[in-house]
Structure formats: structure tokens, C-alpha cells
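Undergrad: Taken in order, these protein sequences are the chains called A and B. Under our numbering, the letters of the first sequence match residues 1 to 284, in that order. Under our numbering, the letters of the second sequence match residues 1 to 534, in that order.
Careful, some of the hints might be misleading.
In silico lysine to aspartate or glutamate, DMTMM-like type, Cα no more than 25 Å apart, as pairs [claimed, not checked]:
(1) B:K238 - B:E198
(2) A:K187 - B:E381
(3) B:K59 - A:D274
(4) A:K187 - B:D416
(5) B:K334 - A:E172
(6) A:K187 - B:E439
(7) A:K187 - B:E396
Derived from the structure by calculation, the hints contain no laboratory data.
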Amino acid sequence: MLQNWSVRIGGSALLLLLVLALGAPWLGTVDPTLFDAASRDLRPGAAGEITTLEGDSVKHVFLMGSDSFGRDIYSRVLYGTRVSLVVGLASALVALVFGVVCGLGAGYLRWLDGPVMRVMDGVMAIPAILIAIAVVALWRASLPTVIVAIAIPEIPRVTRLVRSLVLSIREEPYVEAAVALGTPTGKIMFGHILPNTIAPLLVQGTYICAFAILLESILSFLGVGLPPDIPTWGNIMAEGRVQFVAYPHNVFFPGVFLAVTVLAVNILGDGLRDTLDPKMAKRV
Amino acid sequence: MSTLEVQNLTVSLPMGGDRPEAVSGVSFEVQKQEILCLVGESGSGKSVIAQAIMGILPKTLSVTGGKVLLESENLTAAAPSRLRELRGARMAMIFQEPMTALNPVMRCGAQIEEVLECHRTQGSGDRRRRILDLLREVALPDPERIAASYPHQLSGGQRQRIMIAMALALEPALLIADEPTTALDVTTQAQILNLILELQKKHGMGVLFITHDFGVVAEIAHRVAVLREGRLVELGAKLEVLQRPRHDYTRMLIRSVPTLEPHARPADAAAPLVLQTRGLSKTYAGGGWLIRGPGVPAATDVNLELRKGQTLGIVGESGSGKSTVARCIVRLLKPSAGEIRLGDTDLAHMSARALRPLRRRVQIVFQDPYRSLNPRRSVGEALVEGPLNYGVPRAEALQRARRLLALVRLDGDVLDRYPHQFSGGQRQRICIARALAVEPDLLVADEAVSALDVSVQAQVLALLAEIRTRLSLAVLFITHDLRVAAQVCDQVAVMQRGRIVEYGPAREVFLTPRHEYTRALFAAAPGRSFAFGG
């Protein structure tokens, strides 16, 4: 798997982002909520001052400039990485767990197929962003709410994938042999069928992850995502949008991070697809 | 000048294979008007030779030595464009599975026309006439209708005839047939073999016929070449090779082919009944959303009896309903009507819940050893699954698994290995051990040896016979292969279109068949005039 260049590139890019996210406090950042009226709208690389929570002014180099409140964009972007990665991974996980349960049920238990799939068709008919906005509007905007809001529109896609895999795996002789051996239905579903769906699910999971990161930024940008005091790439861009022409760095840096992250996850997904599905890899 | 001359052909495998070369220094020739049979077990490199001649080797393989001469022209040195010209025009190939060799979204006539278009400049009227002539030549009824049909609308035999028509379109000097009848029923196989013989005589082609089946060899070959692991072990005239094989491997192969002569083991008529079906029927529900369409009957009124320690064979062609009956008896399917009595209990209409404690008593072994074991579970897990389901403690189940592995002649230390580390024959042994782990009364073998090479098949059959006597199991043996049936069955039921047309002791059915379908089936068995297994 590690011999595949897509996996190497995507994986190392993500690893780097993870290091940036985890190591944010030690990478020359300041608290991302700190501001200083004297350091408003600084260009990238400019030196200025920032007021700590205790009220002291300290010197600080604004690597990516500062916004109209005088907050350090570099610190905000790095801390925003944490939010993006958490949202991406958690949404993918939530969507996969629910999708797998629904898909296994619909695929293996005949009587569940119709009802489950019609509900999924219904969810699929509504644009993802609308569902997400509706869910956030229903509850208070917080990290768990946003994760759920992003995961819900992905569940039908996972369900469909799992169901189609189950439909072919359930006809395999080894499943029939398990039936003949008196293995209970639940054990067949989770013990025999589920392990054989893992590879395509992992690939689908990476795509969901990429889309979730993107959707989180979109929601924040639209102002319906996480509250503005939490630094996310979407929030930073939303705030920088007003003076985009004069100070493009407010939008540029979080934008680049967003693009690189989504690209890395997608490349990793392509690589995983090639290595986990030997049939696909041979064709290349 | 011979049609095809293969000199010292060597094809290399990519690094990390089980051997360095797929084909090592193979030399043979095919004369004009000659059928040379290339025989070998799976992995012997016979298909690779065909691909090397046609110049259609997969990218991972390459010809690293030797020459292939087609009518004295060296193909290994020919440019791709020249090869493209020769393919179809001077050499043509037919494949094992005509459904996948034909394009499913193109009409059959258009597919033949494509061959003509690529190689000849002809008016469309001439082409049309030629297509119809070809279809007539391969004895397809109503050529106009067939030319306008899609592959899925035709039967397997008809599709293979289309493939042959395509191959013959440009009157090639060499026809390569790669297991062309393996996917077909016996009666269809006999017709296709006859057709190939007839066309070969008429056109004077050289034919390179690849097969694993010595029965087919006995029917069609002039000369025989035997391959083993990429090397040619024997080459000679048909009778010489079949009757006086010089090489041990050839002898072993020919000895492994079961005879058509039924065995003479006496059956104990007083043994207790294990299985009895009465009026067993299965109709697959028809389509339709609001109103159900008419159902498709797969098995109708099947009455069988099977006693302890005996083997009942169900013999039939594809679509005869033999597998449906087997799957109903194991209750993987719910029968539409009738009774399935296992001892005193009727399984036919039990609910899944009531059935679970009884499932232990009927076990099944499937055809495809590569799909019968869960690739993500170790052998040990597969073997203890059944006993664990019935409350046997894990330690005891493992002990039982080791005993069973010894019974099927595998080492106890394979428990931690995964299915992909085993060969087809070994996997089938594991499947048998898995079925025996829950100590069943009845073992259903659904084409259990059909996917195996003859030598492995002989071993597995011997193993099944031994287990049956040792555990006095009742065995329901489903097969399309009359030779295998003759060797293992005490009783035989012949099925056609979902019904049993003949049922009785194996000796009677084989030696004095009464039903005309049974007779047709026996007449079609390849190599019946030839006594194998001696």
C-alpha cells in the first residue's frame, strides 16, 4: 500500500496537517482569539504587537498578516486546521457507522430493504447544504451539531454503497455455508459480510471526509456553521471577504489550506482505491 | 510447410510468481488439416501458449525465447500492425465463455460484420450475404433472425457457434480453440465438437485445441501434447498417448479420469432412511409490481429417498433444477410445495427459527472452492464456527477441527492460515472438514469436484468415499459429469427441466437406460468409446 505514490503523497500531506494542528501552540502562534487594535490589517510578514489576556502588549510577527480586528491569521489558520480535521474525520465516521448499519440491514434483510431505501431516497432528494443548514438552525450551532449536520446527507450514499456490496456478498457460497452451519443472522451480517465490505468503505470514507471539510467551511462561510469566535477556515474567509480586494491574504491563506487538505484527502482516497482493489489497480 | 510451428517457446512470469516461467522451451507443430490437442491441468501454461501465438499476452508476461512460425512467418518478430492483419485472417481464436467473448450490446450479425469490415473491402450487400452463409455453415437455424439477435437472446451453444462463425469468417489457416466446450452442457458439447471436426475437414484448417478433458481429447484429437507446469512432457499420436502413455504424469492423468462403468459396490437396502422428499417443488416468483407474473418452475414433484451410508446422485444439465433441489434440501431455499423429511421431521415449511437447531444435520459443499471460504477468516475460525453455534466449547471445537483436518489429510498447523494460501483442492478439503465439523447425517455435494483438475478430483472423490464409509454418512451428490456419477453413486436420479425422468440403482440407469433423455446424455459423453481409469 505504501508503494503507491498517491497514498504516499496524500498520506504525508495529511500527516503534515495533523502535526500542524496538534502542534499549533508550539509553532509560534498566539491565542487565536487575541486581538490588538494597533495591529489591524497588517500585511503578511509584518511585525506588530498583540495584547495578551493579561493585558500585556507583546511583540509578534504576523506571518500571514492580521485581520480587521488585529487578530493573527497564522494562528487562526493553524487552530482552524484542528476544527477541519476533527469535523472531517468525525463526520465520515458518523456517516459510515449509520450508513453501514442501514446498508447491512437493507441489503441482507429483505423486509427492511424497501422502507430503508425509500427513506434514503428521500434524504438524497434534498441538497446536502439545505439539510445541514436546517439541522444547524434546529439546534444550537456547536461542533457536534455541525458534525451531525454534515454527516446526515452522506448517510444515504454510504447506505447505497453498502447495500450493493451486501447484495453481491450475500450470494457467495461462504455465506450460504454459514447459514447451513446455523450461524445466527446477526453474526452473518457483522461477522461474515461486514469484513468483506471494509476496503471500498475505507475509500468512500476518505471522499466523505474531504467533502465534510469542504462543507464545514461552506457552512461557516455562510454564517450558519460554527460560531464566529471559533477559528475555522470558513469563518476566517467569511470575515475577510468584506475587504478581499484590499487585503486578499485574509481569504488567501485559509483558502490554500482548505484546497490542499481536500486535495490530499482525495488523492489518498484514489491511492487507497487502487491498492485495496487489485482489479482496479491492474487496469492502470 | 506446417501451419503452425512453435519452437522452443519460453514465456516469462513476473518476479515473485510460483515459478520463473509460465512456458519453458515448448516445441510442437500443427500440420495442415490436423487437430492437435494441448492437454494440461490448470496452471500448466496451455492458455498462455495460445495467447503467445495470437500475440495477446497480458502485459505482465513476455515471450523471452523461441519462435512461433505461422505458415513460415515468424510471429514473435512481427510488428503489431502485421499481427493485427494476421489475427482473424490467418489465425483465429475461440474462447471458453462465449457470453463474455461476445459484446453484449451489439447484435451478433454486426459482430461478425466487424471482422469482415476490418480485413476486407467489400460492399455491404456482399458482407451481408457472407454473414448469412457463415451462420448457415455453423448450422444455426434461421440465420436472419440470429444475425439480428443480441448474445443474451441465444443459448450457450448458439453463442459458441457465433464465435466459430466469427473465427471462420476469413477462412484462417489456424484455429485456436481454448477450452471451447468447457462451459457447455454435454449434449451441446458433443454438437460443438462435431461442428469443429466437420468444419476443420471442410476447410482443411490446422486446429490447436486446448482442453483439460481427456474425454474431449479422445473425441477430437489427431495428435496430443501433454503439458505440465509449462513444460511439454509428452507429444504423440492420439492412440499412442492415450493407450501407451510413456510419461508417468500422463499415465497418472489418464488413470485419474473416472470410468463410465458404474461401480459394483452392493448397497444395503435395509439401512435406515435419512432423507425422503415427497412432491418437492420450487417455483421462482414471477416479476411484476402490482400483479405477480407467472412463476418459473425450477423443480417439479421431486421424490427422492436416501439411506444411511449411501450416495444418491442427481445428474442433469444446466437448468435442469438439480441445484435447486439441493438448495431446497439444505433449506437455503424455501420450497413451494412438498415435504423434505429428515428422519421424522419435515423441514420443508419450518420457520428459520425452528430450523436453526436442525441445520446441523444437513451440510453442503459447494462447487467453487475459491468462493466457499470467507477470505477474511482463518481456516481455524471457519472450522470452529459450526460447533460454536451449537454450544461446543472453543477448546473442544479446536480439537475437533484438528481431528477433521487429519481426516481430510491436511496438517493441524494450517489452522491459523487464510484461504488464499491454499490450492483449489486443499480448499475443497477444508470445506468438507467444515461441513463435517457439526457431525451431519446428510452431506450435500453440489458439483463439489467439478471445478477441480482431474488428478485432484480423483483424490477428493476418494476422500469423500472414505468419509462416507467411515462415518456412514448419507451423501447427496449433484453433478453434471456422468463419469463422476458412475464412480460414486449407488442410486442415480436423472433430471431434465425440473423433473426426474429416470431414477434407480446406478448400475441399472447406466447400463440399461430406459428414458430417451438419459440415453441422449450417455451418447453425448465425450470419449465414451474409450476405457479410461485403467
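Undergrad: For A:K187 and B:E396, compute the direct alpha-carbon distance and say whether it is at most 25 Å.
TA: 21 Å, holds
Undergrad: Has the given pair, B:K334 with A:E172, been kept, meaning a C-alpha gap of at most 25 Å?
TA: 18 Å, holds
Undergrad: For the pair we were handed, A:K187 and B:E439, check the Cα-Cα distance against 25 Å.
TA: 21 Å, holds
Undergrad: Sort out whether B:E381 lies within 25 Å of A:K187, counting only the CA atoms.
TA: Holds, at roughly 13 Å.
Undergrad: Verify the proposed pairing of B:K59 with A:D274, using a straight-line Cα cut of 25 Å.
TA: 18 Å, holds
Undergrad: Take a quick look at whether A:K187 and B:D416 sit within 25 Å of each other, Cα to Cα.
TA: 21 Å, holds
Undergrad: Is the hinted pair B:K238 and B:E198 satisfied, with a Cα-Cα distance of at most 25 Å?
TA: Roughly 18 Å separates the two Cα atoms, so the pair holds.
No hint from the list above goes unmet by this structure.
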